[in-house]
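Kindly generate the complete structure, drawing on both the sequences and the hints.
The sequence shown begins at 224 in our numbering and counts up one residue at a time.
One or more of the hints may lead you astray.
[Stated by the list, open to error] Below, a list of computed lysine to aspartate or glutamate pairs in the DMTMM-like style, where the Cα atoms sit at most 20 angstroms apart:
(1) K599 - D626
(2) K808 - E831
(3) K524 - E456
(4) K715 - D795
(5) K797 - D752
(6) K383 - E373
(7) K471 - D752
(8) K660 - D648
(9) K339 - E377
(10) K560 - E328
(11) K419 - E328
(12) K859 - D336
(13) K397 - D336
(14) K805 - E764
(15) K815 - D786
(16) K732 - D569
(17) K383 - D363
(18) K339 - E354
(19) K808 - D381
(20) K688 - D648
(21) K383 - E328
(22) K651 - D569
(23) K682 - E703
(24) K397 - E759
(25) K761 - E831
(26) K660 - E456
[As the list claims (entries may be wrong)] Computed beta-carbon distance windows for the label pairs:
(27) P465 - V675: 36 to 46 angstroms
(28) N464 - F801: 29 to 39 angstroms
(29) S498 - F362: 21 to 31 angstroms
(30) Q426 - I283: 57 to 67 angstroms
(31) W454 - K503: 17 to 27 angstroms
(32) N611 - S452: 28 to 38 angstroms
(33) E725 - S498: 25 to 35 angstroms
(34) E842 - K702: 52 to 62 angstroms
(35) V675 - Q426: 50 to 60 angstroms
These aren't lab readings, by the way, just hints derived from the structure by calculation. Backbone N, C-alpha and C fix where the C-beta goes; we use that ideal spot for every residue, glycine too.
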Amino acid sequence: MHFLYPKFLFALIAIVIPIIIHLFNFRRYKTIYFSNVKFLKNIKQETQSKSQLKHILVLISRILIIASLVIAFAQPYIPVNNNFISNKKQAVSIYVDNSFSMNAENRYGNLLDISKNKARQIADAFKPNTEFLLLTNDFDSRHQHFVNKEQLIEFLSDIKISSNTKKLSQILSKQNDFLNSSNQKKTVFIISDFQKNFANFNQIKNDTNVNVLLVPQNAESVNNLFIDSCWFETPSHKRNNPEKLFVKIINNSNESYQNIPIKLLINDTIKALSSFSIEKNSNQVIPLSYSNKHSGIHKGKIEITDYPITYDNTYYFSYLINRNVKILSINEDSDNKFINALYNNDNTFSLSNSLVNNLNFSQISNYQLIIINSVKNISSGLSQKLINYAQDGGTLLFLPNFDADINTYNKFLSEIKSNKITEIDSQKIKINYINYKNELYKNVFEKIEKDVDLPFIFKHFAFTKRTYSKNENILTANKEVILSVLPIKKGKIYIFSLPLSEDCSNISKNSLFVPTFYNIALFSQSFYDAFYTIGENKIIELNKKYSSNNNVFHIINNELNFDFIPQRKIIDTKIILFINNKIKKAANYIIKNNNKILSVISFNYNREESELNYYSKNELANLLNKNNLKNATILKSQNKYFTQNLTQINNGKPLWKMFLIFALILLGIETALLRLSK
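Structural data, given as structure tokens:
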């Protein structure tokens, strides 16, 4: 047993008052004369014995009355948890989970509405001078400071369901950051449905200075069928070419579904209709095929039908089909006739040639593919410019020259962490390995032929064979690398071990030539992210070529009446646009500058909320124990017990009423004893 006001116990010294009164009997005795006192002596002895017993009982009752009253005023309690009891002013932080899953229902109503009401009850349980801090998944700037009870209740009324999601560790870390600035007693309330992907207890740092109360809200079991993600069979897109889009569907329920319709729209036009069946608690990938009729921006949307949870029934994506792929061939002294013949005869490509000595470095970033064609000397300036170009998402194709300065080649190869040239090998060999898994050949051959006619190599550079290099071999001849590709940040570098010349090989006359060089150019297109996740992606990257005198960019969705001017920053060849969580709704958005559409970006809601798996109270208790979170307690949140449990957590189990009743009973006993004594 503990006391909220222990100083009142000093009043127990008042117990001596009835003791003193009973020790000193101030009553005067009156003398009465009797002729015979024998019988009187017997009466006197009996009366004295009874009187002494009554006096002792009265004394005990008065002592207990005083003790009970003093203890009652000291407000005794049995602590539910010692960490939560305090007579000091307190700082209380309340987190109300307003994620999509809190839009569910239970027998008491909507979970978010119930949670807001719980927060009001929490505020009512504390003293008027308590300071409150409200927190939601939005991390709203209005909730960045302490407020009184009235302001807290006003803020609670404004809370709405949000697309933002946070982890429990993020919430507690944010609350602790604010509470650490306060010297008061610190208490944190977490009101949530405690989805399993939210409650990452193993990532929580235990802070013994902050008391944590978990207030779980139990949702009724709900079936959910949702679109998890989508991706294309190939990352490149070409006009009039067939497309295959894969859509991943997840069934998070104990019920199987049959013949569910799925619809694909591109630029608001239906491109594919299909249906699918899916087993309970499983996932399935649905292929959707269509073709692109036009170049330019393509805004995609996939739709299914499922109730009652609907926010994850739609998935947005977007991509760009360039009018043509811009290619720059940097030559030593003349153009390459095979390169010219291939790329100039297809309007998919736009080829430019430049001598290395006349190269305009400032124009490099305008091309999707740059071919280093038989350049003899790669200067340090050119090397750095090309590496930066590739790192920013460009594609390089390296065709060497046997008369080159090998040292400059190896310096360039060393800087990109590729295998180096060792010697010139003049042995005639035949290509005998094709990496069919590489994107260049993935859909080129209907079947793999054993006796396919492959090119001969008459002369080539031999390379070191470092196992730690990231080079992926695409073509080899007797284990000698003929063509490899090296990923480098956002771009890639294709490396041939020989020039494109009839003196070195017959590749240019072989059937392998066209798909190899065609796909190198086709897959060199800049592929920006097809979609972003609301709340996670903070920046958007654009090519610097979009920069103009008017550097005000707009992110727009006319259907939502949304027009946002993001902050921007130019870094090297990129323009960085900062979203700063301004985009709240899933949709396709366009980026404009000077009323010109530059790009399209797609945002989707986080799918973590679609996995409707919750921790039970027993599981929460086990997790607290497992992670040694001794400062955390689970508060029962049933409507009829919540206020009582909250009061006991805040004040302990009070005993003052019991002592007050005990004092009244003793007072009645004392009164009865006094009446009997008369």
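Each hint, compared with the structure:
With a C-alpha separation of about 6 angstroms, the suggested pair K599 and D626 falls inside the 20 angstroms cut-off, and the hint holds. For a cut-off of 20 angstroms, the pair hint linking K808 to E831 stands: about 16 angstroms separates their Cα positions. At roughly 17 angstroms between alpha-carbon atoms, K524 and E456 fall within 20 angstroms of each other, so this suggested pair holds. As the CA atoms of K715 and D795 are separated by approximately 18 angstroms, the hinted pair is consistent with the 20 angstroms bound.
Annotation: proposed proximity of K797 to D752 holds, straight-line Cα distance about 15 angstroms (limit 20 angstroms). For the suggested pair K383 and E373, the alpha carbons sit about 19 angstroms apart, so the restraint of at most 20 angstroms is met. Straight-line distance between C-alpha atoms of K471 and D752 comes to about 18 angstroms, which keeps the hinted pair within the 20 angstroms bound. A C-alpha spacing of about 28 angstroms is found between K660 and D648, which places the hinted pair above 20 angstroms, so the restraint is violated.
For the hint linking K339 to E377, the alpha-carbon distance of about 11 angstroms falls within 20 angstroms, and the restraint holds. Note on K560 and E328: the hinted pairing is violated, with a Cα-Cα distance of about 70 angstroms set against a maximum of 20 angstroms. For a cut-off of 20 angstroms, the pair hint linking K419 to E328 stands: about 18 angstroms separates their Cα positions. Note on K859 and D336: the hinted pairing holds, with a Cα-Cα distance of about 17 angstroms set against a maximum of 20 angstroms.
Our distance criterion of 20 angstroms between C-alpha atoms is broken by K397 and D336, whose separation comes to about 23 angstroms. With a C-alpha separation of about 16 angstroms, the suggested pair K805 and E764 falls inside the 20 angstroms cut-off, and the hint holds. In summary, the hint linking K815 to D786 is supported, as the alpha carbons are separated by about 10 angstroms, within the 20 angstroms threshold. For the given pair, K732 sits about 18 angstroms from D569 by alpha-carbon distance, which is consistent with the 20 angstroms threshold.
Of the supplied pair hints, the one linking K383 and D363 holds, its CA atoms being roughly 12 angstroms apart against a limit of 20 angstroms. At roughly 18 angstroms between alpha-carbon atoms, K339 and E354 fall within 20 angstroms of each other, so this suggested pair holds. Annotation: proposed proximity of K808 to D381 holds, straight-line Cα distance about 18 angstroms (limit 20 angstroms). Between the alpha carbons of K688 and D648 the distance comes to roughly 15 angstroms, so the proposed pair stays at or under 20 angstroms and holds.
A threshold of 20 angstroms between alpha carbons decides the hint, and for K383 with E328 the separation of about 15 angstroms falls inside it, so the pair holds. Our distance criterion of 20 angstroms between C-alpha atoms is broken by K651 and D569, whose separation comes to about 33 angstroms. Between K682 and E703, the direct Cα distance comes to roughly 11 angstroms. Compliance with the 20 angstroms bound is thereby established for this hinted pair. Taking the CA atoms of K397 and E759, the gap is near 17 angstroms; set against the 20 angstroms cutoff, the hint holds.
Between K761 and E831 the CA atoms are separated by roughly 18 angstroms; this keeps the pair inside 20 angstroms, and the hint holds. In summary, the hint linking K660 to E456 is supported, as the alpha carbons are separated by about 13 angstroms, within the 20 angstroms threshold. As the Cβ distance of P465 to V675 is approximately 25 angstroms, the hint placing it in 36 to 46 angstroms is violated. Checking the proposed 29 to 39 angstroms range against N464 and F801 shows it holds: the Cβ atoms sit about 35 angstroms from each other.
With their beta carbons about 41 angstroms apart, S498 and F362 fall outside the hinted range of 21 to 31 angstroms. The supplied range of 57 to 67 angstroms is met by Q426 and I283, whose beta-carbon atoms lie about 60 angstroms from each other. For W454 and K503, the hinted distance range of 17 to 27 angstroms is satisfied, since their beta carbons lie about 25 angstroms from each other. The supplied range of 28 to 38 angstroms is met by N611 and S452, whose beta-carbon atoms lie about 32 angstroms from each other.
Between E725 and S498 the C-beta distance comes to about 55 angstroms, which lies outside the given range of 25 to 35 angstroms. For the pair E842 and K702, the beta carbons lie near 56 angstroms from each other, so the given range of 52 to 62 angstroms is met. Judged by the Cβ atoms, the range 50 to 60 angstroms given for V675 and Q426 holds: they are separated by roughly 54 angstroms.
In this structure, the hints that do not hold are numbers 8, 10, 13, 22, 27, 29 and 33, in rising order.
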